[in-house]
Amino acid sequence: MKFGVVVFPGSNCDHDAWYALGEVLHQPVEFLWHQSEDINKFDAIVLPGGFSYGDYLRTGAIARFSPVMRAVEKFARGGGLVLGICNGFQILCEAGLLPGALQRNAGMKFICRQVHMRVESTDTPFTGAAAPGQVLQIPIAHGDGNYFCDAETLEELQENEQIIFKYSTPDGRIDAAANPNGSLENIAGVCNKERNVVGLMPHPERAVESALGSIDGQVIFRSMIESLLLQAGVSS
Amino acid sequence: MSASKPTIEIEIKVTPELAAEHGLTADEYERIQKILGRDPKITELGIFSVMWSEHCSYKSSKVHLRRLPTRGPQVLQGPGENAGVVDIGDGLAAAFKMESHNHPSYVEPFQGAATGVGGILRDIFTMGARPIAVLDSLRFGPISATASGAKALGRQPGSAGLKPSPTKPNESGAIAGAVLSPSEQVASQGALAPEGTDRVDAETIAHNRRILDGVVRGIAHYGNCFGVPTVGGEVHFEAGYSANPLVNVLALGIAKKEDLFFAKARGVGNPVIYVGAKTGRDGIHGASLLASAEFTEESQQKRPNVQVGDPFMEKLLLEACLEAMKTGAIVAIQDMGAAGLTSTSCEMASRGGLGIEMELAKVPQRERGMTPYEMMLSESQERMLLVAERGRELEVLNVFAKWGLDAVEIGRVTEDGLVRVLHHSKAVAEIPAHALAEEGPVYQRPIAAPAPVTNERLVEFGAPGKNLTYNFHALLAAPAIASKRYIWEQYDYMVRTNTIEIPGAGDAAVVRIKGTKRALALASDGNGRWCRLDPFVGAQLAVAEAARNVACSGAKPIAATNCLNFGSPEKPEVMWQFSRAIDGIAEACTALEIPITGGNVSFYNETLGRSIDPTPVLGVLGMIENASRALGMAFRATGDAILLLDGNTTAQTAGSTADAAKGFSSSEYARTIRGVEAGAPPAVNLPAEKRLTTLLVALASEGQLQSAHDVSDGGVAVTVAESSFASNGLSAHVSLASKEPDELALFGERGARAVVSVSAENVAAVLRIAAQYDVSAVEVGRVASGEFRIELNGRVAVSAEVPSLADAWSGALERLLS
Chain R
3 MKFGVVVFPG SNCDHDAWYA LGEVLHQPVE FLWHQSEDIN KFDAIVLPGG
53 FSYGDYLRTG AIARFSPVMR AVEKFARGGG LVLGICNGFQ ILCEAGLLPG
103 ALQRNAGMKF ICRQVHMRVE STDTPFTGAA APGQVLQIPI AHGDGNYFCD
153 AETLEELQEN EQIIFKYSTP DGRIDAAANP NGSLENIAGV CNKERNVVGL
203 MPHPERAVES ALGSIDGQVI FRSMIESLLL QAGVSS
Chain V
89 MSASKPTIEI EIKVTPELAA EHGLTADEYE RIQKILGRDP KITELGIFSV
139 MWSEHCSYKS SKVHLRRLPT RGPQVLQGPG ENAGVVDIGD GLAAAFKMES
189 HNHPSYVEPF QGAATGVGGI LRDIFTMGAR PIAVLDSLRF GPISATASGA
239 KALGRQPGSA GLKPSPTKPN ESGAIAGAVL SPSEQVASQG ALAPEGTDRV
289 DAETIAHNRR ILDGVVRGIA HYGNCFGVPT VGGEVHFEAG YSANPLVNVL
339 ALGIAKKEDL FFAKARGVGN PVIYVGAKTG RDGIHGASLL ASAEFTEESQ
389 QKRPNVQVGD PFMEKLLLEA CLEAMKTGAI VAIQDMGAAG LTSTSCEMAS
439 RGGLGIEMEL AKVPQRERGM TPYEMMLSES QERMLLVAER GRELEVLNVF
489 AKWGLDAVEI GRVTEDGLVR VLHHSKAVAE IPAHALAEEG PVYQRPIAAP
539 APVTNERLVE FGAPGKNLTY NFHALLAAPA IASKRYIWEQ YDYMVRTNTI
589 EIPGAGDAAV VRIKGTKRAL ALASDGNGRW CRLDPFVGAQ LAVAEAARNV
639 ACSGAKPIAA TNCLNFGSPE KPEVMWQFSR AIDGIAEACT ALEIPITGGN
689 VSFYNETLGR SIDPTPVLGV LGMIENASRA LGMAFRATGD AILLLDGNTT
739 AQTAGSTADA AKGFSSSEYA RTIRGVEAGA PPAVNLPAEK RLTTLLVALA
789 SEGQLQSAHD VSDGGVAVTV AESSFASNGL SAHVSLASKE PDELALFGER
839 GARAVVSVSA ENVAAVLRIA AQYDVSAVEV GRVASGEFRI ELNGRVAVSA
889 EVPSLADAWS GALERLLS
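Read top to bottom, the protein sequences are chains R and V.
238 is the number that the numbering used here gives the last residue of the first sequence; the numbers go up by one with no jumps.
906 is the number that the numbering used here gives the last residue of the second sequence; the numbers go up by one with no jumps.
Hints were generated in silico from the structure; no laboratory data involved.
For each residue, glycine too, the CB sits at the ideal point set by N, CA and C.
Derived lysine-lysine pairs resembling BS3-like cross-links, with alpha carbons at most 30 Å apart: (1) Lys602(V) with Lys490(V); (2) Lys4(R) with Lys602(V); (3) Lys4(R) with Lys490(V); (4) Lys43(R) with Lys490(V); (5) Lys43(R) with Lys602(V); (6) Lys4(R) with Lys414(V); (7) Lys605(V) with Lys4(R); (8) Lys490(V) with Lys345(V).
Have a look at the derived ranges for each label pair, beta carbon to beta carbon: (9) Thr604(V) with Gln233(R): 35 to 43 Å; (10) Glu483(V) with Glu32(R): 18 to 26 Å; (11) Gly109(R) with Thr726(V): 31 to 39 Å; (12) Trp35(R) with Pro452(V): 19 to 27 Å; (13) Arg480(V) with Glu39(R): 28 to 36 Å; (14) Thr415(V) with Gly98(R): 36 to 44 Å; (15) Gln860(V) with Lys4(R): 51 to 59 Å; (16) Trp35(R) with His512(V): 33 to 41 Å; (17) Glu527(V) with Lys4(R): 57 to 65 Å; (18) Ala290(V) with Asp152(R): 42 to 50 Å; (19) Pro30(R) with Lys344(V): 24 to 32 Å; (20) Asp152(R) with Glu291(V): 39 to 47 Å.
If the Cβ cut is set under 10 Å, some of the chain R residues that face chain V in the computed set are: (21) Ser13; (22) Asp18; (23) Gly109.
Model the full structure from these sequences, guided by the hints.
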């Protein structure tokens, strides 16, 4: 079982994701250069945070045309697990693999801070190991994390329970004070209809060690590992 | 596309007047003629003018900088290279340095600050080290009408005086900010609208706020996009910086010792390769001219002189350089900083005792028709010059191609020791590299001490036994003391997942070194006000405070860098300030055993004839053997003992009240509450500072302390309060005994002190160890919850609910800036 961490020229959290998976959670993990399409050796793909191609046009706009994204789209359509973190989430939206878009933060400022998010659905390979409604303390670091989609899409997301994470208070309340960037309905992360692709703005790779202030991010990676083991017919 | 016609190079006649326009004096021009044995050509004049500018040549500071101590057991590379390097064990080296981008940041705050970060990052990775942390020391003009925090307390404009009362939660339960109602009468002498501080007009305040916003956004943009965490620093607000903000940026990188690279050209015939962004006309006479002249009326249209930065391009440059360095085919490398291609080529040649020949027609250009003069002086960003091994250049060029960067062989190393610049094979400059780089003018500028200040207004202490809660609220809300969260939350301080003490959590930023048990701590400190009053003592206190901050995180201070921000060196009293500050730094670094491994001098911080306060800023690096022993400032558990550690063991003789008033009149309290900025910095006691830092490191490494926070701005009262605010809701009950006047005992800023919290069962051991280190340790109270109370000589001096104090402190900047 092997994780692939995609590296765009402007990715700067690729190393952090590689370290969390490899050194902290002891999973086989390799970097996947944006020019490569050799994706089949991987069981799960992580699109890390950063500024992919410098975000000149829109965050993540150019990345979707890279060779690796063609491979990721095929991989995702084939049911492979794809986790997009921060800039990775933006790229998945731009590539049409996830609904909605990430706009400029409401306060027009970059924000780096610990936030809380509530698990809205445990019925995904990324939240299977979490308890319903569990609150996770995970840091954010972005300037464009304001999730938006039109009313019709929102309705669809709600009906299909595709909203996976919502910004909340430490005790799980969803209110405006807990919303750091103006995201619609406090949405912090969504999945596709097939539930094998998830994007979220907070950085779970920064919350896997107590030395860094929280280990709540582990549950997302553990869920992926358990789901992959299940698929491979091995009970963990 | 029409073929571009070859530009006809009109040979501009060089005259002494033209040399003067380039900032070269008559005898500097004469020295050029002697070196060349003829009149210089226009491109040569340009080259000499940037290389011999104050910023690049240090001509007015060199004679003084020699007095700084630069040797130490862990120093691998002292001043003279792109960054200082120290050995941190496990076969690793730490490269670190501080640079100033003051002038560009005044002309264009966003780009000025952004390129300041870009420049210092390149100084680090040109040594082969991957940058892992950045700190920024920022100084702006006032952002509030009075120096005090009145505005920041949420005072409605126009309301007469401000009558305080503890805040009451409103109906919806949320604390409605520290709105202070009239009913509470605090018998305090201090009026909150102090006369005396120069009245700052609204237009200047708005301008200062715009500069601050631009500078912070610029630093955030560059660091966040490049992917290096901005983990600490400091922000000060003083009237002198209104028209001349200071933006000093420190960067730290890590490399294996054997992977270090130096900028010394070697191997005659080796190819000289230009890599990175294309060359444009931005920044011509940027750092060299801007930083070597004061601001005048038409400073605004110097905007094109400010370089433009692209952090994404720099990230590519970093990855490509580190990857290319691994091929073993690179012989030498240097980033193009101030004076771009000129300084890089001549410094690399001069250090290697060789020459470099370059053909400018091969230089990748962003704009057409650039003259050799423009190309040699351009300060376009994100460019490096390297020397490769002849025959292996393709290995290097391929790495840069992989990362989508230009990489072109533009010349070769020669043995004639000349910097020869060709343009379409015509020699436009031929200058002895050594003479250009090392034999520039060196000035012994005249020095004159200013006339001593007489009958200045000092603070009158209030009657003893007063409740000073109200003044304490205002002090906590003063921009100099209030939380800087509003600023550092715009920085990504977590990327690279090494940050174990985030901004605001401790006195120093602490980053772990993956693959080892170690961590490195960094703190940058300076105090322009104290140095204005006494540069010798003020500079010692700057070193001592940075060292104390590092020790409070549990790290042993091992080396330091500095940014020396001063007015015009052509003013004798500025040179007196500079010389005295250097003596102060030398004295403190020697006493605390902290060698200087490099730094930067920024003169001409001067606008319309008015110099800024002399502001030496020190960046101290410390090392923690066991990262799990790193310390923060937050109280951790109710019932823990609060101890005041003091390196000054001789009983604090209550000297004459006049001396006490003189030392207190330079404090933040004096300025904020009494509107007084006078007197002298508090006395400095270096042996006491050394004893305290040694004790703190020993206690931390034994895991004896729950928290440590040094006593600085705002005195013991603010130190205890900040340790409460950093915890999640804990408070403190403290009772002090002192013969000093109340305000001095609570808010005095004397050095060599720290407030630590210790779990009850460790108190005896800590007291015993402190005695062994000859440091006074007194239990002054307990960590509590609910009311925050400080008693002095048995009477309540401060008493308030933590949320109301916390809000005054944490919300102040946001109220002023948004």
